[in-house]
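Undergrad: Letter by letter, the chains look like this.
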Amino acid sequence: MRLLPISALALALAGIASPAMAHPKLLAATPAANATVAPTNRIELTFSEKLIAQFAGASLDMTDMPGIKMHAPMTMKVATSVTPDGLGLNVVTAKPLPKGTYKITYHVVSADTHRIEGTYSFNIQ
Amino acid sequence: MLPLLRFALFTDVMLLFGLPLFGLYGLRGEERRSGAVFAFSAWIGVTAALGLLLGGAAWLALIAGMAGLPVTQLDAATVMAFTGGGAIGLAFCVRVGATALALLLAIIPGVPPRARLALATLAGGIALGSLAWGGHATMEDGAAGWVHLIADIAHLLAAGAWIGAIVALLLLACRNLAVTKNRVLAGRTLASFSAVGTLVVATLLVTGMVNAWMLLFQPDMPLWPLNAYQVLLALKLGAFGGMLLLAAANRWIFAPRVAQGDGSIRAVIALELALGIAIVMLVAWAGTMAP
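Line by line, the protein sequences are chains A and B. Mapping to the working numbering: the first sequence position 52 is 52, numbers consecutive. Mapping to the working numbering: the second sequence position 241 is 241, numbers consecutive.
By construction, these hints were calculated from the structure, which means they are not laboratory data.
No farther apart than 20 Å at their CA atoms in a straight line, the calculated lysine to any residue pairs in the SDA-like style are these:
| hint | chain 1 | residue 1 | chain 2 | residue 2 |
| --- | --- | --- | --- | --- |
| 1 | A | K99 | A | H71 |
| 2 | A | K50 | B | G89 |
| 3 | A | K95 | A | D64 |
| 4 | A | K50 | B | A81 |
| 5 | A | K25 | B | A228 |
| 6 | A | K50 | B | M289 |
| 7 | A | K25 | B | M289 |
| 8 | A | K50 | B | G85 |
| 9 | A | K50 | B | M66 |
| 10 | A | K99 | A | N34 |
| 11 | B | K181 | B | A39 |
| 12 | A | K99 | A | T30 |
| 13 | A | K50 | B | A87 |
| 14 | A | K95 | A | M62 |
| 15 | B | K181 | B | A259 |
| 16 | A | K77 | A | N41 |
| 17 | A | K50 | B | W146 |
| 18 | A | K25 | B | T288 |
Owing to the predicted nature of the structure, the values given are computational and were not obtained by experimental measurement.
Assemble the whole structure, with the sequences as input and the hints as a guide.
TA: Now the structure itself:
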């Protein structure tokens, strides 16, 4: 956390804490972008700002499956929910995802009404 | 679409607040009666009605933007859920209520002039202040959030007072200054605005600095090269500086000349108004992008 001392100094100078940016940013994701992980049924996204649950969602597509020539991405059935602290978006499938390459596409709106969308891929092995 | 709607809504609600407020501190006694100097009832009525229309349209555009849908595909359930939940929805409902109250004030006959202006100023002030919930001021939690929010509300009210005063003073200065009554009224209101104007500028400066601090001086945000938001903010500061220069020129050079029937102040106030409107436009635009 190289930024921590600078942040602490900034907060001390301001006398008030304001670490938020005006547009939500994806801070962390499990599985991470382009990562290869063991089968899981859960994708966790963490953002820099509180989200409005009503406007948060994601879709998951299987874009490649080992040994099978895929014609079109296959959309997986997912349930999405915003974590109690408002900063995370959880994407859950009924069963662990089979081996393959997946693309997750998310859209969230932060408390100050700004919408962002994003997408990335990961592999299950 | 949303920046344009926001611009129209901000300008309208600033006038709904700023014009009756001017009637309270700038005019006296009988001058406050609607129709004596200004058609206050019509002003309040039109700005309130427009405020309801523009407010509703901006609300739908905002929700459509968040849902990622065109306005035409927005369903009632989404709108109701967002309007009924959270601080921004509550602020919208308060804004609608205050604007509707202002509209009633304009229509109901027999309200004493001073009471009508005071209530319209209050309703307009509530509507204007509520616009703070919809910008960047709602992005922090706790104490920082409240500081930012209060600064934003004060900033909006001061801006509304200034824009309202500029419009009122321009209208007064544009009357036939060969008529003694008009010349005296224009001269007096221009002179008396200097105290209010100083307060307004001081409020704008202090609250503007608080907001800039909270939005721009983030640990992981580079201040150079400027991003689009910072460019808009720099333009805004330039326009604000221009307004200050023009206001100073009015106060010390052009306002005293009105007493001699010299109307050269009109062009200067008009330019000040143009800069003020440009600032509202920049803010309406900047509020929809990332700092």
